[in-house]
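**Student:** Starting from the structure of chain A, add chains B, C and D with the ligands where the hints point.
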Amino acid sequence: MFDLADIIVREQGKLSEIDGQTGDGDHGVNMGKGFRIAGERLRALPSFTLPEGLALLGDTLLSDIGGSMGPLYGTFFTDMSEVLDGKDSLDAADFSAMLAAGLAAVQGLGEAKPGDKTLVDVIVPASQAFNAAVAEGKSFTEALEALQTAAAAGLEATRDMVAKVGRASRLGERSRGTLDAGAASCDMILETLAAGLIKQLAT
Amino acid sequence: MFDLADIIVREQGKLSEIDGQTGDGDHGVNMGKGFRIAGERLRALPSFTLPEGLALLGDTLLSDIGGSMGPLYGTFFTDMSEVLDGKDSLDAADFSAMLAAGLAAVQGLGEAKPGDKTLVDVIVPASQAFNAAVAEGKSFTEALEALQTAAAAGLEATRDMVAKVGRASRLGERSRGTLDAGAASCDMILETLAAGLIKQLAT
Amino acid sequence: MKKLINNPVSVVPEMLEGLVRLSPGLRLLSDSHVVLRQTQTEGVALVSGGGAGHEPAHAGFIGPGLLHAAVTGDVFTSPSTDAVLEAIRAVATPAGVLLIVKNYTGDRLNFGLAAEMARAEGIPAEVVIVDDDTALEAGPENAGRRGIAGTVLVHKVAGAAAAAGLDLAAVKAEAEAAIAALGTMAVALSPCTVPAAGKPGFTLGETEIELGLGIHGEAGIRRVSMASADRLTEILLDRVVAQKGLRAGDKVALLVNNLGATPVMELLIVARSALASLEARGISVERVWAGTFLTAIDMAGCSLSLMKVDAARLARLDAPASAPAWTPGQ
Amino acid sequence: MKKLINNPVSVVPEMLEGLVRLSPGLRLLSDSHVVLRQTQTEGVALVSGGGAGHEPAHAGFIGPGLLHAAVTGDVFTSPSTDAVLEAIRAVATPAGVLLIVKNYTGDRLNFGLAAEMARAEGIPAEVVIVDDDTALEAGPENAGRRGIAGTVLVHKVAGAAAAAGLDLAAVKAEAEAAIAALGTMAVALSPCTVPAAGKPGFTLGETEIELGLGIHGEAGIRRVSMASADRLTEILLDRVVAQKGLRAGDKVALLVNNLGATPVMELLIVARSALASLEARGISVERVWAGTFLTAIDMAGCSLSLMKVDAARLARLDAPASAPAWTPGQ
Ligand SMILES: Nc1ncnc2c1ncn2[C@@H]1O[C@H](COP(=O)(O)OP(=O)(O)O)[C@@H](O)[C@H]1O
Ligand SMILES: Nc1ncnc2c1ncn2[C@@H]1O[C@H](COP(=O)(O)OP(=O)(O)O)[C@@H](O)[C@H]1O
Ligand SMILES: [Mg+2]
Ligand SMILES: [Mg+2]
Ligand SMILES: [Mg+2]
Ligand SMILES: [Mg+2]
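Residue numbers (my numbering), protein chains in the order written: chain A, 1 to 203; chain B, 1 to 203; chain C, 1 to 330; chain D, 1 to 330.
Source of the hints: derived by calculation from the structure; they are not laboratory data. Accuracy of the hints is not assured; some may be wrong.
Unchecked claim - Partial list, computed: chain C residues near chain D (C-beta under 7 angstroms):
| id | residue |
| --- | --- |
| 1 | Lys2 |
| 2 | Lys3 |
| 3 | Gly18 |
| 4 | Val20 |
| 5 | Glu86 |
| 6 | Pro191 |
| 7 | Ala229 |
| 8 | Asp230 |
| 9 | Glu234 |
| 10 | Ile235 |
| 11 | Ala261 |
| 12 | Pro263 |
| 13 | Ile269 |
| 14 | Val270 |
| 15 | Arg272 |
| 16 | Ala290 |
What the hints assert, rightly or not - Straight line, CA to CA, 25 angstroms or less: simulated BS3-like cross-link-like pairs of lysine-lysine:
| id | chain 1 | residue 1 | chain 2 | residue 2 |
| --- | --- | --- | --- | --- |
| 17 | D | Lys2 | D | Lys199 |
| 18 | D | Lys2 | C | Lys2 |
| 19 | C | Lys251 | C | Lys199 |
| 20 | C | Lys244 | C | Lys308 |
| 21 | D | Lys199 | C | Lys199 |
| 22 | C | Lys199 | D | Lys2 |
| 23 | B | Lys14 | D | Lys199 |
| 24 | C | Lys2 | D | Lys244 |
Just so it is clear, CB atoms sit at the ideal spot from N, CA and C, and this is done for glycine as well.
One chain only, chain A, in its complex shape (with noise of 0.2 angstroms):
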């Protein structure tokens, strides 16, 4: 959880510079803000199991940032913290469980489908390639690989999409031919959680 925090805080300038080609340059402001404080309140706690710390992250997001982003994200969380409520340590069913959760949360705010250019084209192939590993005998740290390769391939092809949803979708055809900055921050939190969790299971 801290790494999550930590990354998106670093590449704040990063997501900020993909924002500022069709959109309004804040995604990183946006993001650094909220995981800067969601990061400050996870090391004020004593200890807190995954669930409690999405939830955190998820309650942050919802009541500090603001922007679209924060509702967006904000569901995401605290959906995902919802389905492992209680639960200390998570497997492969749990964590397929999870994904779907955002994804829900996510499309039944904003509305966007795959292909709209929004973090839904990193959430949607990184969930299918885990699914498919599981599906497939694979380990859950061979899973949680997969779906880092699905991540980024996912955000890689938001580069020749045209935005349909959100602020970027107003240029039309302009939007085509940069990333898109919600799955660019998606990639680095789904790699990121990913990367823990194998750490995790590696011990």
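**Tutor:** Same frame as chain A, but now just chains B, C and D with the ligands:
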């Protein structure tokens, strides 16, 4: 008279540039507008005497241009014209009286003393030189030539003065080192008037 | 960046403090960026807001006959769901609350979620979405038209309807009808600078201007060469008139809005030009405003809004109202 | 130069036409740049004016309780004697006319000559000279302090005195006392561009600002590095307070004025800062305004004016008045 209107219109860029160094850079705009309108009005007349021409110029400056130069040059020309009233041609005594009336008008209104860095610093030495030449028994033409030399020297002398009146006076010491805009236009006016008379006297 | 500020992170609280200090009828909800009336009234309460940087909007339009509260986010960033919910709670009456929201994803989500939460608490809450930016084609392929300066006229219509004692559904219906009757288009002569960014959001050449830009410095629909005030006015009005289907004989209200750094001299010249152009089109301007209503920080340029009016809507625009940034139309 | 204009030579007539079209109480004297009230009143009439480029001043302050007419010259150029005389004739009553003139040679000469001519025609006419720019040392070695934004408060005091039915000598005396009680200082973040010149009158570096500049883009008293709003406010107030001999316990009116291109956000931050600073000095701000009152075309920056008030002068500032650019103090 046409020469007078034409030279001011032609040199307006230069006058504004001088004004820009210590004032607000509009002396040429103001003067150019007044002399252009007066020139058009004069050209529309079948014929006019010198006093009639000066009166029209004074009226135009007073009613159409505003700024500080409207009233100062306006009464300058109006009062010069009144001294000559009804005269068709003029001698050295008339010319001397005319300059005295012009100076009195400018000083009566603007209260500038010699050395204050204004057009007064051209009128005073120019009329003194003219009167001295006449007193020495020089011809009208020679006296006019003396006036031209003195006007130019008077202008040059404003360079080292500190403005005591008008917009530039707020700069204090910083107004030293550049010519005065009103003195520059006044030098043009007196030299051109004198040149016209010299030409007339030669024919 | 040269700005009369102390610190980019404190611009929002400091300017809100300045506003309430200068406006005896307003107060700041403690520890928040919610501004509200000193004394609340019966009947439907109106809440507006959005990112900061649009001053005097939105808090400048709080007062009798207009808004009851405004929620301000960071510069160009929607306020959080919690902040909106706080504002709703602070002004809620049994008659309910109408949220006037501009069409941006962030504003829609945060105001929309807050309205849901309010309803869950038993507060009747409804949302209207303003999408007056006719520079853009709306369609399924994008997020629809943005809400820009015409929002101020929606505040006024809804504020008068609420002050007249209408119920929530009726105030909402009048606001929605006003939105449907409204179109705006803007031209920028210069970009704007977000204090935290410290540099302009885009660059324009010496003689380049941008048509149909957004109020957050988002790209416009077209970059063109500088033209005369008359010509630019014509371009803006052509688009709004065509998109809103206005015809000779129609009656409209006209709002000439300073985007932030436009001198009064230029606004008056544009207003004169717009009035002449509309007259030539046979469109009757029943009311007109020219001033600083909803800005994009320090952007030079202006927007023109037209709202089609009938006698009833005109009466809403004319109804008595008093707020720091409101002036009666002429 | 990017400006919403049609032609530099037509900015003045076009903006005045825009203003009167937007202000039903005002009209333009035909073929002139004189704006006056639709209906004139009994009693002393007030005439103000000067070069254009200071919008909304001066014509924006015409109306009941304020001015009766304003004469506008070319941009930054005093109107001609004839134009001023026309305005005087148009509003003259048997009670006479008071001319409110800012201390510039051109304005003094043209308004002064016009007053003389009016008297010769039997119209009682008096002149007061506003010289509130405390940035400058006044003395026999210069033309004295300039008149700047505080002029607007002089309009208000004199306007209320005239509306109260005082005679010419008494209105003049109140105006002169108000001028003596008034000090202003400005800071510019950017130069201004005269439309006919097409380029800025001076240049400022990326982080340079100018203190004590004039409202025509004349040089200021000092060029310094950009500083915080709090610090700049302190510098301006230090000077005005010292020059006007203000002390703890004194009561003042405060005018925070936009020089042309300053966003509302920044004005509010400066206003907050000025109120806090004056409070810390023990000087009681009885009334405050923050807005666009008297500008230098498109200059970014602001001026702070303080007018010492007692109960009588405060009553003049509070007296009812209505003009396009006037708002009641808070
Ligand atoms: N309706 C939506 N559903 C999901 N994601 C969205 C939606 N609209 C925008 N986004 C995401 O939001 C990102 C921009 O976030 P951010 O810059 O923080 O907010 P804003 O656009 O309000 O400035 C986009 O890159 C996109 O991925
Ligand atoms: N009181 C005065 N008496 C005589 N001449 C003056 C006075 N004040 C200013 N001037 C002259 O006016 C000139 C500036 O004229 P101009 O630029 O047209 O007017 P403004 O200063 O109003 O812009 C100065 O260069 C100076 O010669
Ligand atoms: Mg963004
Ligand atoms: Mg000048
Ligand atoms: Mg944003
Ligand atoms: Mg001038």
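**Student:** Hints first: check each against the structure and report whether it holds.
**Tutor:** Evaluation of the provided hints:
no.: 1; hint: Lys2; result: 4 angstroms, holds
no.: 2; hint: Lys3; result: 6 angstroms, holds
no.: 3; hint: Gly18; result: 3 angstroms, holds
no.: 4; hint: Val20; result: 9 angstroms, violated
no.: 5; hint: Glu86; result: 22 angstroms, violated
no.: 6; hint: Pro191; result: 12 angstroms, violated
no.: 7; hint: Ala229; result: 5 angstroms, holds
no.: 8; hint: Asp230; result: 5 angstroms, holds
no.: 9; hint: Glu234; result: 12 angstroms, violated
no.: 10; hint: Ile235; result: 12 angstroms, violated
no.: 11; hint: Ala261; result: 4 angstroms, holds
no.: 12; hint: Pro263; result: 5 angstroms, holds
no.: 13; hint: Ile269; result: 5 angstroms, holds
no.: 14; hint: Val270; result: 5 angstroms, holds
no.: 15; hint: Arg272; result: 4 angstroms, holds
no.: 16; hint: Ala290; result: 6 angstroms, holds
no.: 17; hint: Lys2/D x Lys199/D; result: 10 angstroms, holds
no.: 18; hint: Lys2/D x Lys2/C; result: 20 angstroms, holds
no.: 19; hint: Lys251/C x Lys199/C; result: 42 angstroms, violated
no.: 20; hint: Lys244/C x Lys308/C; result: 9 angstroms, holds
no.: 21; hint: Lys199/D x Lys199/C; result: 23 angstroms, holds
no.: 22; hint: Lys199/C x Lys2/D; result: 20 angstroms, holds
no.: 23; hint: Lys14/B x Lys199/D; result: 16 angstroms, holds
no.: 24; hint: Lys2/C x Lys244/D; result: 29 angstroms, violated
Of the numbered hints listed earlier, those contradicted by the structure are 4, 5, 6, 9, 10, 19 and 24.
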